[in-house]
Amino acid sequence: MKMETLAKDYLRRARARLIAAEDAAKRGDYPETVRYSQECVELSLKACLRITGIEYPKVHDVGDVLKAESSRFPSWFRKHVERLAEISRDLAEKRAPSMYGIEAAGKTPGELFGREDAEEAFEAAKYVHELARKLIGMERK
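Counted from 1, the sequence shown has number 35 at position 35 by my numbering; the numbering is strictly sequential.
These are calculated hints, taken from the structure and not from any lab test.
All of these numbers come straight from a predicted model, not from anything done at the bench.
Be aware that one or more of the hints could be misleading.
Simulated crosslink set (DSBU-like; lysine-lysine; CA at most 30 Å straight-line) [as the list claims (entries may be wrong)]:
no.	residue 1	residue 2
1	Lys126	Lys58
2	Lys126	Lys79
3	Lys26	Lys94
4	Lys107	Lys2
5	Lys67	Lys94
6	Lys2	Lys134
7	Lys94	Lys79
8	Lys26	Lys67
9	Lys2	Lys26
10	Lys58	Lys2
11	Lys8	Lys107
12	Lys134	Lys26
13	Lys2	Lys79
14	Lys107	Lys134
15	Lys67	Lys107
16	Lys8	Lys94
17	Lys26	Lys8
18	Lys126	Lys2
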């Protein structure tokens, strides 16, 4: 399979997660907003790695790979790598709690994530997705 085809497919699926995150926020389902935002970030960054031929581990946070391989990206993209890695790490850490809560503490996802968390996650996902679209040449005309 061509890397470009795979990367574009990842981005299409990332966009679907972004739409789902926005819908969840409108319903007041803030944990789902965080979850879908994380999935958008993961797919978007994996698309960036895929388009440049970089193999990555099958993990939710690929920020370390992004930083380690930053020299393979265009200079305009490299300027964002630290922030992209930070977002990836932050949202990957929130992935499981946004779906399951923290059972040991008796906390539900709804008790852990509120409107502000959802807004921050969604804005971060939009930022990552737009940079990925630009890198892969799928930016909106």
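Here's how the hints hold up against the structure:
Distance check on the hinted pair: Lys126 and Lys58 sit about 23 Å apart at the alpha-carbon level, within 30 Å; holds. Of the supplied pair hints, the one linking Lys126 and Lys79 holds, its CA atoms being roughly 17 Å apart against a limit of 30 Å. Simply put, Lys26 and Lys94 have alpha-carbon atoms about 20 Å apart, close enough for the 30 Å limit, and the pair holds. Restraint check: the Cα-Cα separation between Lys107 and Lys2 comes to about 44 Å, which exceeds 30 Å; the hinted pair is violated.
This hinted pair checks out: Lys67 and Lys94 have alpha carbons roughly 21 Å apart, not beyond 30 Å. The hinted pair formed by Lys2 and Lys134 meets the criterion: a straight-line CA distance of about 19 Å does not exceed 30 Å. Between Lys94 and Lys79 the alpha-carbon distance is near 25 Å, which keeps this suggested pair within the 30 Å criterion. Taken as a hint, the Lys26 and Lys67 pair is broken in the structure, with Cα atoms around 34 Å apart against an allowance of 30 Å.
Proximity of Lys2 to Lys26 is assessed by CA-CA distance (about 37 Å); at most 30 Å being required, the pair is judged violated. A hinted pair counts as satisfied when its Cα atoms are at most 30 Å apart, and Lys58 with Lys2 qualifies at roughly 19 Å. A distance of roughly 37 Å separates the Cα atoms of Lys8 and Lys107; the hinted pair therefore is violated under the 30 Å criterion. Of the supplied pair hints, the one linking Lys134 and Lys26 holds, its CA atoms being roughly 27 Å apart against a limit of 30 Å.
A distance of roughly 27 Å separates the Cα atoms of Lys2 and Lys79; the hinted pair therefore holds under the 30 Å criterion. Between Lys107 and Lys134 the alpha-carbon distance is near 39 Å, which puts this suggested pair outside the 30 Å criterion. The hinted pair formed by Lys67 and Lys107 fails the criterion: a straight-line CA distance of about 34 Å is larger than 30 Å. For the suggested pair Lys8 and Lys94, the alpha carbons sit about 26 Å apart, so the restraint of at most 30 Å is met.
Using a Cα cut-off of 30 Å, the hinted pair Lys26 and Lys8 holds, with the two alpha carbons roughly 27 Å apart. In summary, the hint linking Lys126 to Lys2 is supported, as the alpha carbons are separated by about 26 Å, within the 30 Å threshold.
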